[in-house]
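Student: Those protein sequence lines, which keep their order, are chains A and B. Under numbering that gives the first Met the number 0, the residue at position 168 of the first sequence is numbered 167, and the numbers go up by one with no gaps. Under numbering that gives the first Met the number 0, the residue at position 238 of the second sequence is numbered 237, and the numbers go up by one with no gaps.
Mixed in with the good hints there might be a few duds.
Derived pair list, reagent style SDA-like, types lysine to any residue, alpha-carbon separation capped at 25 Å [stated by the list, open to error]:
hint, chain 1, residue 1, chain 2, residue 2
1, B, K122, A, A140
2, B, K86, A, A105
3, B, K102, A, N142
4, A, K86, B, K122
5, B, K86, A, S57
6, A, K272, A, Q299
7, A, K102, B, K102
In case anyone wonders, no lab produced these hints; they're calculated from the structure.
There are 2 protein chains.
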Amino acid sequence: MTLIVAKFGGTSVADIARIERAAEKIVKETEQGNKVVVVVSAMSGVTNQLVDYCGQISSMYDVREYDTVVSSGEQITSGLMALALQKRGVTARSWLGWQIPIKTNAIHGKARIESIDTDELHKRLNAGEVAVVPGFQGVTALNRISTLGRGGSDTTAVALAAALQADRCDIYTDVDGVYTADPRIVPNARKINKIAYEEMLELASLGSKVLQTRSVEMGAKSGVPIQVLSSFGDEIGSALKGTLVTTEDKIVEQELVSGIAHSRDEAKITVVKVKDVPGVAARLFDPLAEASVNVDMIVQNISAEGFTDMTFTVPRGEVELAVKTIKENVDLQYNDLIVDNNVAKISVVGIGMKSHAGVANKMFKTLAEKNINILVISTSEIKISVLVEDDYTELAVRSLHAAYGLDAA
Amino acid sequence: MTLIVAKFGGTSVADIARIERAAEKIVKETEQGNKVVVVVSAMSGVTNQLVDYCGQISSMYDVREYDTVVSSGEQITSGLMALALQKRGVTARSWLGWQIPIKTNAIHGKARIESIDTDELHKRLNAGEVAVVPGFQGVTALNRISTLGRGGSDTTAVALAAALQADRCDIYTDVDGVYTADPRIVPNARKINKIAYEEMLELASLGSKVLQTRSVEMGAKSGVPIQVLSSFGDEIGSALKGTLVTTEDKIVEQELVSGIAHSRDEAKITVVKVKDVPGVAARLFDPLAEASVNVDMIVQNISAEGFTDMTFTVPRGEVELAVKTIKENVDLQYNDLIVDNNVAKISVVGIGMKSHAGVANKMFKTLAEKNINILVISTSEIKISVLVEDDYTELAVRSLHAAYGLDAA
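Turn these sequences into a full structure, and let the hints guide you.
Tutor: Here's what the structure looks like:
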C-alpha cells in the first residue's frame, strides 16, 4: 500500500471551489488504495492579510504573537479540507501542529522542525483515515505555536513524508512541473520528468521558485521522492505526470544539462582599489555576513601595483544594507564603491557535467557568439553561473537552451 | 490589588484602530495597578465569513472541523491584541483555549466549560503580565478545539472571572449599558446603574441582547459582578460608568420595576378545539420539546363542552418546525392550527415586584387605557409578560415606561 503526502499551495486552495477540486484528487488517491496525508497552505491572500495586520500594529512585533496570528490561515484551510473530504465519504480529520505534535525549536517565525510524532497518525492512516495537516506550523517546547517561515508548507509536507517514511510527496502547485527554462522566455522549453535533488536545489536557489530550498534539502536527506505537479488539471499524483525530484541513481536517462535558470534579483557591488594584502576578503565579508547580507558570486581581480578590485553580488533588496555595512563597519581603504543593479545571473545546471568536460566552454562560446559580455563567473560541481547585463537575459537563456539541445523537438 | 477580566466584542475589535483603542483602555487599567485578563471576540465579520465557508462545503458539516475553522477568528484577534499591548510597553501574551487549558465537554459547536486551570495564569498575572484569551473556544478531552456557540465570548469572560475569582468582569460593547427600555423606542429611557442577575436574565432572554444568557447565569452562580460598558468612549471599566450586574443585596436603591423589555421575535400558535382530557398538554408539548422547539408562553382556555384551545408562543424561526411536528408527531385530534406572526411580547421586569402587589394591575390598566388588547399573559416572580399585536409594540413600551416612573427627569 502506497503512502502519499500531498501538499496544496495557496492558489490551489484559493477558494471553496478549489478546495473541493483538491479534495476530489485525494478521493481518487484513496480509491486507488493509497493512504494519504494532505498538507494545506492558507487560502491565497490570507497570510498576507494577517502579516499586514501585525505590521499595522508595529514593525517590531513580537514574533511569538505573529506566529499565533498567521498560523490561523492554514488552520482554517485544514478544517475546510477535512469537511470537503468528509462530504465525499472519506473519513478525514484535521491535525494541527500542536495536535500531532510537530515539535520545533523556539526560533519563532523561522522555526526548524525537530521531531514529529507519527504513532497516532500511522494508526489513523492504517484505519483508512485521511489526515489533513496545516502546513507552515509547529509547536515549541513551551507549548506555543511556531511557524516555519514563508514557503514553510513545502517543508511541512516533506518533513512529514520523511517522518512517516512515505513513498512519495506530491507538491500540487500552479505549474505542471519543473521546466528546462522559464517557458515565458523559452516557448519551447520542455517539462523535466525526473531531476536529481542537487539539480533541483540549484534551480530552486537560482530563481525557479517551484519548491522551497529547505524542502528539497530535506528530501535529499531522507530520500523521499518529491513530485511537482499541477493542481488544476484532472490528473492525480499517482499518474506521475509531473516532475519527480529524486536521487541521482533513479534517473536512468541522465542529461548532460538539465536546465537553464536565470535570476534578475541580483546586484553587483564593486569595491574599487583596495590594498591587496592577506585578510582583505575576510575584512570585507565578515561584517557583511554579520549583517546577514547574502553574498553570492565573488571575484577578485588580478592585483596591480599592490591594489585590487573586489566584486560580488547580493540580492537587490540587500544592496542598501550592504553599502551601509561596508561604509560603516568595514575597516578597509578603497577608492570607490560601485553598485550595478542592471545585471542578471544565468546558470546552466546539470548533474551530468560532473563527469563531462567542455560544458563551461560551450556556455562561454555561445554567449560570445551572441556578443553577450560576461561580467562575473562562478561555478560549482553541477552548475555554471555567469552575470550578464540585464538586457541580455532572454537572449542568453534562449541561446543556451538551444545550444545544450534542450529545445523541444 | 484588583483583578479584572475585560472582554471586547466583535465591533470593539473590528479593525486594527479599534484593537489599539481597546489596548489603550487595558494600559490605563494596568496603570491603576490592576491585574487584567483580556478576552477578545473575532474581528466583526470574520466569524460569519468562516461559518459561510463551512456552509458552502456542506450544510451537514462535521462540527468538530467547523470548530477548528471558526475558532481561528478569535485566535487572530488574541495575537493582535497582545501585539498592541506590547507596543505600549505592557508585557502581554496570548493564551489559546488549549494552552490554558479551558477544558470543555465534547459537544462541539455548543460546548460547555468543565474546568479552567488557573495556576499558570495567576503566576503570570502576579508577575505583572496581561493575559489575552480568545473567547468562544476551549479544548476537549480528545485534544480537539471546541467552541461554545455564538456569543460564547461573554461566557469565556465570565467563566474565567469566576475561575480566577476576579473582582469584576467588564464586558465592553457597542452600547454604554443596559437601559430601562430600548432607547430607539423610548427616547428618554435611562441607563441602569446597577441591576440584579435575575433581572438581567429576564431582560437578556426578552430581547435586550446586551449579554448572553449563559454568561449571566454563570455570573449569578459565581457572584462575579459583570459590568456592561461602551468600548467607544475614553472611559475605562474601573470608572464604573456602565451598568453593573450584581447580587440583589448589593443594590441599595432597589426600584420596583427595572425596565420594560420587548421582543418581536415571537409567533403565536393556537391548536383549536382539542379534547380536554388529562394528558393533553403533555401529548402536545412533549413532541415539541423533543424537536427542540422553544415553547415560551402557554395558555389553555377554559373548557367548553369537553373541548379546549391551546395557545402558545415560539420564536418566529421555529414556527415551521413546530407546525410540522404537531402535524406529524402529535397524537391529538384538533379542528384547526392557527399561526399568528404579528405579535410582540412586552415585559415588565423588576426584582422589587417580588414584595409588591399591584405591579401587574398597573400594567393591565395602562394597556387598557391605550386600547391595547392583551392576547396572552405569563408571569414569573420578577416579570410580567403580555403578548400584544405587533403594531402596538412601541405604544405599549412607551406607555408602560412612563407609567412605572422610568422616564428620565
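Student: Against each hint, give a clear statement of whether it holds in the structure.
Tutor: Do the hints match the structure? See the list:
1. A threshold of 25 Å between alpha carbons decides the hint, and for B:K122 with A:A140 the separation of about 19 Å falls inside it, so the pair holds.
2. A distance of roughly 22 Å separates the Cα atoms of B:K86 and A:A105; the hinted pair therefore holds under the 25 Å criterion.
3. Between the alpha carbons of B:K102 and A:N142 the distance comes to roughly 16 Å, so the proposed pair stays at or under 25 Å and holds.
4. Distance hint between A:K86 and B:K122 is unfulfilled; the C-alpha atoms sit about 45 Å from each other, more than 25 Å.
5. This hinted pair checks out: B:K86 and A:S57 have alpha carbons roughly 7 Å apart, not beyond 25 Å.
6. This hinted pair checks out: A:K272 and A:Q299 have alpha carbons roughly 11 Å apart, not beyond 25 Å.
7. Distance hint between A:K102 and B:K102 is fulfilled; the C-alpha atoms sit about 23 Å from each other, no more than 25 Å.
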